[in-house]
Amino acid sequence: MADIGYIALVLAFIASLYTIAAFLFGAGRRSDLLESARNGLIATCALASVSVAALLYAVVTHDFQIAYVASYTNRDLSPAYLISAFWAGNAGSLLFWAWMLIVLAVVVVLHKWNKNRELIPYASAIIMGVEAFFLFLLLFTANPFEKLPFTPADGRGLNPLLENPGMLIHPPTLLFGYLGFTIPFAFAIAALITNRLGDEWIVSVRRWTIIAWLSLLVGNVLGAWWAYVELGWGGYWAWDPVENAGLMPWLVATAFLHSVMMQRRRGMLKIWNMALIILAFSLSIFGTFLTRSGVLSSVHTFADTGMGPFFLGLLAVVLVGSFGLLWYRREELRSEAEMESLVSRESTFLLNNLLLVGATFAIFLGTVFPVISEAVRGDKISVGAPFFNQVNGPIFLAVIVLTGICSLIGWRRASKTNLLRNFLWPAVLSIVVSAGLFLIGVRQWLPLAAVFFCVFVVLTIFYELARGTRARSRMKAENYGKAFFGLIWANKPRYGGYIVHIGVVLIAIGVIGSSFFQVQSEAILKPGESMSLGKYTLTYEGMDNYVTESKSITSTTLSVTNSGEPIGKMVPLKYVTPTSEQPTTEVAIRSTPVEDLYVILVGWDADGSASFKVLVNPAVAGIWVGGIVLFFGGLIAFWPDRRERLPGG
Amino acid sequence: MLKTLVSVALIVLAVSIFVSPALAADTATVNSIAAKVMCQCGCGKTVLNCDDQGCTTREEMLSTIRQGLDNGRSENQIIQTFVARYGEKVLVEPPKQGFNLVVWVTPFAALVFGAGLVFVMARQWVNRSKTLPTAPAGGSAEADPKEDKYRRRLEKELKDFEEKGFR
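Note that the protein sequences, when read in sequence, are chains A and B. Here the first sequence is numbered in our numbering, starting from 1 and rising by one per residue. Here the second sequence is numbered in our numbering, starting from 1 and rising by one per residue.
Treat the hints with care, since some could be wrong.
[As the list claims (entries may be wrong)] Capping the alpha-carbon separation at 25 angstroms, the derived lysine-lysine pairs in DSS-like fashion look like this:
hint, chain 1, residue 1, chain 2, residue 2
1, A, K551, A, K569
2, B, K96, A, K416
3, A, K112, A, K526
4, A, K380, B, K149
5, A, K416, B, K149
6, B, K149, A, K492
7, A, K492, A, K482
8, B, K156, B, K130
9, B, K89, A, K380
10, A, K526, A, K492
11, A, K535, A, K551
What the hints contain is simulated information worked out from the structure, not anything from laboratory work.
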C-alpha cells in the first residue's frame, strides 16, 4: 500500500511537470497540445487521489509499518479521528494541500475552459507550478509513505488535545483557505502575461477569492473557539505566529474584496489590486513556511524537516517574478481614475485598504521581529499579545468607524444635508447606549468609544436595510417580509456585505467585552468550601475518580449560584490516556449571551482539596455568533446570479 | 472635513498606543505581574495564562512574584529580577527603547506615510476630474467641459448597466 501511494506521487509529479510544459507551449497556439495539457491536469489529479486513498487505507487498516500512521494513530481511535490523522502531521497535511489544490485546479480549469481561453493556459501552468512544488516537497523532504524498519504493534495515537470536533474542520478549512489563493493569483499573473488587463481577470478572480476568504474565516474562528473550549487559559487568540499567519492573508483578501469594487465601478486601483492578490498569495506561502520551518516556536508548528529553505525560495520567485511582471505592465494598468470629491465612498474604501493593509503590516512586523532582533542584537526578545493588542486595537476600531461612515456616504460625493440626516439618528441612539454603559459602571474610555461605534454601525446598516425594504415593498407591492428577502437576493454582493459587517461588529463586541472586562480568581478549596467571583459563588462539592475504556478521569463538581440563585453544577476535570504523558484538561463553561463562566481544575492534593481557576468572560458569545453571521453574509455575497452563469465569472 | 477626520483619527491612534500602558497602572497584584512575564517552560504564553501540563516554571515564577510583593518590592523591581535571570525575552512585549522602538514605531509611521500617500493621490484624482480636456467627439461643438464630463459619465454608466445590471 505504501508503495502504491509513493509511486502514485512520483507519477503525479512527472505528470504535473509535463502539464506545465504542455500549457506553456500550447498557449495561444496548438489546441491539441492544450487538450493534452488538460488531460495531464486530470491525470495528476487522479494520481494524487490514488495516493490519498492509499494513505487513508493505510490509516483505516492500521498499517503501522508506515511511520506516519504509527505516529498519529492507534487502534483505539474512532473513525472520524482516524481520518483526521490525514492532516494531523506535516507530511499528511502537505499531501492534503497538494491533493486539494489539484482538485480545485481541475474544477476551476474545466469550468473556465471555454470562457477564458487566453488566460487559462498561463493560469493553469502557474497553478501546476505550485502543485509541482508541493509534490516535490512530498517526495524529497516529507514522505508520508516512509516505512519503519519494523512494524509496531500499536501506534502512538493522536495528541489528546486534538480529539475534539474542531480537529475535523479547523485544519482542512485553513489549509483550503491558504491554497485557495493560488487560483486568483494564477489568473492575475496570467492577465499580466497576456496583457488582458481589463475587467476579465477581476471577474474570474473575485468569486474564488471569496471562497478562500470564507474558508480562512471559518478556520480562524473555529480555531479560536477550539482554543477557548479545549485549552485551559480562558482565551481564544494568543497572537501566536501561526495564528497571525492565518489572519494576515485574510485581512489582505478583505482589503482586496473592497478595492475590487472600486476597480469595477470606477476603473481605479488596478495596480493596487494586482499587488493585493500577489500579497495574499505570498502571505499564504509565508504562513505555511512559518508552520513547517521551525523558525518561530508555536504550539502549532511541526518539527523542522528542512523544507524551510524551499518555501523561502518559492516566496522569492513569486515576489520577484510577480512584482517584476507588474512593473513591466504598469503603463497598461495605469487608470483614467477620477474622483469627484474627497468625501465619497471611494475615499472610505481607500482608507479601509490603508487600515487593513496597515494592520497586516503591523502583525507581520510583530511576528518576525524576534527573529530580526536576534539577528541584529543577538538578544532574544518576545513580542506577545499586549503588543498586538495595543497596535491593532486602535486600527480595528478605526475600521469599524469607517464601516459605519461608508454605508451612509454615497458613491462619488456626499452631500452635507444627506450626511447629517443619515448620521443623526444612529449617532443619537449610539450615544444613548454608551451612556447606559457608563451609568452601569463602565468607565474606561476606549471600550465606551468602541461600543459607541459598534452600535452606530449596526444602526446604520439596519437603517439601510429598512430604507431599501420600504422602497422595494412600495415598488413591487410586496409585504415587508417578502420585500426584505427580495431586496437581499436581488443584490447579493451589496447586502451580503452588509450582513458581513454586522458579523464583524458582533465579533468586535465579543472581543471588547472579553478583553477589557474579564475577571479571574484562583483558590484552593476543600470539599464544602466556596469561592466567589463577581455575582457567582462556586461551592466545591467533591471529587470523583473513574475509568472509561480509553481514559482515566478525575472530575470535580461545583454547585454555582448567581446572586444567590442556584443555577446548576459545573464539572471541570482532567484525564489521562494510556498514550499521553501529561493529563489533559477539560474546562467547564457556562455560556449566556451576556457572559461566560469558565472554570478550570488546576490540580489537587491527596487530602481531597482541589485548586480551581475561575474566569468571567463578558460577551464572548458575540464572537461565535458574529462568526456565523459573517460566514452567511459572505456566502450570500458570493452566491452567483442565474443571469451571470451565461457570460464570464 | 475628511482631512480633519483623518488627522483626528491618527492622533487618537498615536495617543492610545503610547498612553494605554500608563492608563493601566493601578495596584500591582500577582495576576497583573504574571500577565507581563512569559512563562519559561516554552509554552509561548504568559505566566498568568500558561496551561501546559508539564510546566514546572509557572509555580516557580509565581512564588518569586509573591515573595517580591510580600517584601514590598514594586512591580517594576520584580519584573527586573526576571529580566536579570532570563534576559529580555521574559518580557511579554519589547520595552519601548533602543532598537525595540523599531517594532513600536514602524507600523504607526507606515500608516501615517500611507495616509499621506492616499491623500495626495486622491487629491490628484479629484483635480483630474475637474481639469480633463474636452473630448473631441463626433463634430459637435461642445466647448462646455461640464456638459462633456456628464456625457462621459453617462456613456460609462450605460456601458456598466449593460454589463452588470442594477447595482
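Query - Violated hints - listed by number, lowest first - result: As far as the earlier hints go, 2, 3, 4, 6, 10 and 11 are violated by this structure, in ascending order.
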